[in-house]
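Chain P is fixed; fit chain S onto it per the hints.
2 protein chains.
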Amino acid sequence: MNINLPVTIREVGLRDGLQSIARTLPTECKLEWLRGAYAAGLREIEVGSFVPTRLLPQLADTAELVAFAKTLPGLLTSVLVPNLKGAQAALDSHADLMLLPLSASHAHSLANLRETPDQVVIEIGKIRALRDSSGSNCQIEVGISTAFGCTLQGRVEEVEVLRLLQAALDAGADRVGLADTVGYADPQRVSRLFEKGFGVAGEHLACAHFHDTRGLGMANVFAAWQVGVRRFDACLAGIGGCPHAPGASGNVVTEDLAYLFASMGVTTGLDFGALIALRARLAQSLTGETLHGALWRAGLPRTMKNLE
Amino acid sequence: MNINLPVTIREVGLRDGLQSIARTLPTECKLEWLRGAYAAGLREIEVGSFVPTRLLPQLADTAELVAFAKTLPGLLTSVLVPNLKGAQAALDSHADLMLLPLSASHAHSLANLRETPDQVVIEIGKIRALRDSSGSNCQIEVGISTAFGCTLQGRVEEVEVLRLLQAALDAGADRVGLADTVGYADPQRVSRLFEKGFGVAGEHLACAHFHDTRGLGMANVFAAWQVGVRRFDACLAGIGGCPHAPGASGNVVTEDLAYLFASMGVTTGLDFGALIALRARLAQSLTGETLHGALWRAGLPRTMKNLE
Chain P
0 MNINLPVTIR
10 EVGLRDGLQS
20 IARTLPTECK
30 LEWLRGAYAA
40 GLREIEVGSF
50 VPTRLLPQLA
60 DTAELVAFAK
70 TLPGLLTSVL
80 VPNLKGAQAA
90 LDSHADLMLL
100 PLSASHAHSL
110 ANLRETPDQV
120 VIEIGKIRAL
130 RDSSGSNCQI
140 EVGISTAFGC
150 TLQGRVEEVE
160 VLRLLQAALD
170 AGADRVGLAD
180 TVGYADPQRV
190 SRLFEKGFGV
200 AGEHLACAHF
210 HDTRGLGMAN
220 VFAAWQVGVR
230 RFDACLAGIG
240 GCPHAPGASG
250 NVVTEDLAYL
260 FASMGVTTGL
270 DFGALIALRA
280 RLAQSLTGET
290 LHGALWRAGL
300 PRTMKNLE
Chain S
0 MNINLPVTIR
10 EVGLRDGLQS
20 IARTLPTECK
30 LEWLRGAYAA
40 GLREIEVGSF
50 VPTRLLPQLA
60 DTAELVAFAK
70 TLPGLLTSVL
80 VPNLKGAQAA
90 LDSHADLMLL
100 PLSASHAHSL
110 ANLRETPDQV
120 VIEIGKIRAL
130 RDSSGSNCQI
140 EVGISTAFGC
150 TLQGRVEEVE
160 VLRLLQAALD
170 AGADRVGLAD
180 TVGYADPQRV
190 SRLFEKGFGV
200 AGEHLACAHF
210 HDTRGLGMAN
220 VFAAWQVGVR
230 RFDACLAGIG
240 GCPHAPGASG
250 NVVTEDLAYL
260 FASMGVTTGL
270 DFGALIALRA
280 RLAQSLTGET
290 LHGALWRAGL
300 PRTMKNLE
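Taken in order, these protein sequences are the chains called P and S.
Position 62 of the first sequence, counting from 1, maps to 61 under numbering that gives the first Met the number 0, and the rest follow consecutively.
Position 51 of the second sequence, counting from 1, maps to 50 under numbering that gives the first Met the number 0, and the rest follow consecutively.
Keep in mind the hints are simulated off the structure, nothing from the lab.
Treat the hints with care, as some may be off.
As the list claims (entries may be wrong) - Covered stretches of chain S (chain P as the covering partner; in silico rule of three or more C-beta atoms under 8 Å from a C-beta of chain P): (1) 150-163; (2) 199-205; (3) 208-220; (4) 249-260; (5) 287-294.
Unchecked claim - Label pairs and their in silico Cβ distance ranges: (6) P/Lys69 to S/Ala205: 36 to 42 Å; (7) P/Glu157 to S/Gly40: 27 to 33 Å; (8) P/Gly227 to S/Pro5: 25 to 31 Å.
Ideal Cβ positions, reconstructed from N, Cα and C, are used throughout, including at glycine.
Pulled out of the complex, with its shape left as it was, chain P reads as follows (with noise of 0.2 Å):
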């Protein structure tokens, strides 16, 4: 792996971390986030979901905000998708990327889209079909989601994580991704499992999404960076997380990443101080959630002058 090859930090806290926050976000102050990220140097953005309203009404304005995302110059607009439903809907906002989840975790999978992982894979297939049929070059990324272990379930084994992983490719995803939905994994663990992922995947494995429930975030990007991961998901200030562990981390936090990738001397495209005035707008449109990270805080340290 070349160390010097830069990493890509999409952010998703217009999704994963709005979604696991009660209130709803107006749509003019997540269009100044989408702007504020842009310009901040993000280039691959998630900016919501097709699911139905009454599950997410938080997300419910997916669609005009990808309609302006689409208007920013080489701006990658990632959607998530749970179903062949949103898919068509993803499709006709002519999002570039959407994203699918697929549960490792069995009792995960059926408590999040009542379905086995294996049904999953079949709608998968239908998404393809769909997609292709369409003339659409819209990606369809699968991200392996409590691929390090559930809060429903315990353990998730790895034979399955990679069974699925070759599932979601011969189901016809173009790439695939794992994620720490939960907040279990170590850096050992990560290791391992990305490791085993590029046997099965290889550079068809794009992806990894960490959250920092447990203090280990950071240590699990960089034990991914160091198996060759070179595109990880972010939040700006951390927000989200889960229900069940009130005030813990949501995502791993964007401006830290970019300073960990900084710090170490890898290009990530991104500008600090763009990147904490943005947060520090956010900070006042959602007073009263639990923020997080360090970097707003303590700065840059005086031997860097910006994230570069």
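Just chain S now, with coordinates in the frame of chain P:
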């Protein structure tokens, strides 16, 4: 390196934590902390500093704490010592280990000890002679502070850190460690500097001391562990921190560090329930101080019964 070797966590909250906050904790509270830390399985505890009371009134009861700590079977009692006078006090107290700070940053050394690093090395030689002539078997550990950068000076060159590691050993240190005093380290630099440090000091390099100022504490611990470090300083609830960065974390958090290793299957001998209960009592004693850590909030994953 054998990844199955156990890891030792040295609790330094009573010294590095308490010296960084303004209030003076009553001796009885400190004794409870000591008892609780011992009951949770900690077998190395830094109980204070032998520095002039006018400089650190918070630590004026260090001799009393050493006396109590010495009654706990199998506990290695450590104290910080800035100079020959402090070393005499440490020997008088019958502490098991004295930690001597040696700044790799010239500017920090002058600000902190009013001596250049090389003057401090001469002092270390005198302390070694004093220890030997006293017939004590108190270990002498030199901690190279600001080893990863300095808020005063900025960059600290690796070659200078390695030169001081060698100089400390030549002057009579029994062991040496590397400390990221101001939270400038990143995991790549940690790997590199410890690997080079092992090249100079071999197994005498036996401690890593990280602060979590910018969110990289756990990633740095993991990186140091990967290259063979098996002994880490940490601080319950992560108290302390840098007076120049209000709200920034102090040392890496003992209970989170214990979780990191437990999650990787590495033995620390620590008991989760006892650590969390102690943290809760500490939080009462330290009302108003900013505490840190993630595990106390989220709890163990359901796949883990205790830190084992």
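Verification of the supplied hints:
no. : hint                            : verdict
1   : 150-163                         : holds (count 3)
2   : 199-205                         : violated (count 0)
3   : 208-220                         : holds (count 8)
4   : 249-260                         : holds (count 4)
5   : 287-294                         : holds (count 3)
6   : P/Lys69 to S/Ala205: 36 to 42 Å : 56 Å, violated
7   : P/Glu157 to S/Gly40: 27 to 33 Å : 30 Å, holds
8   : P/Gly227 to S/Pro5: 25 to 31 Å  : 30 Å, holds
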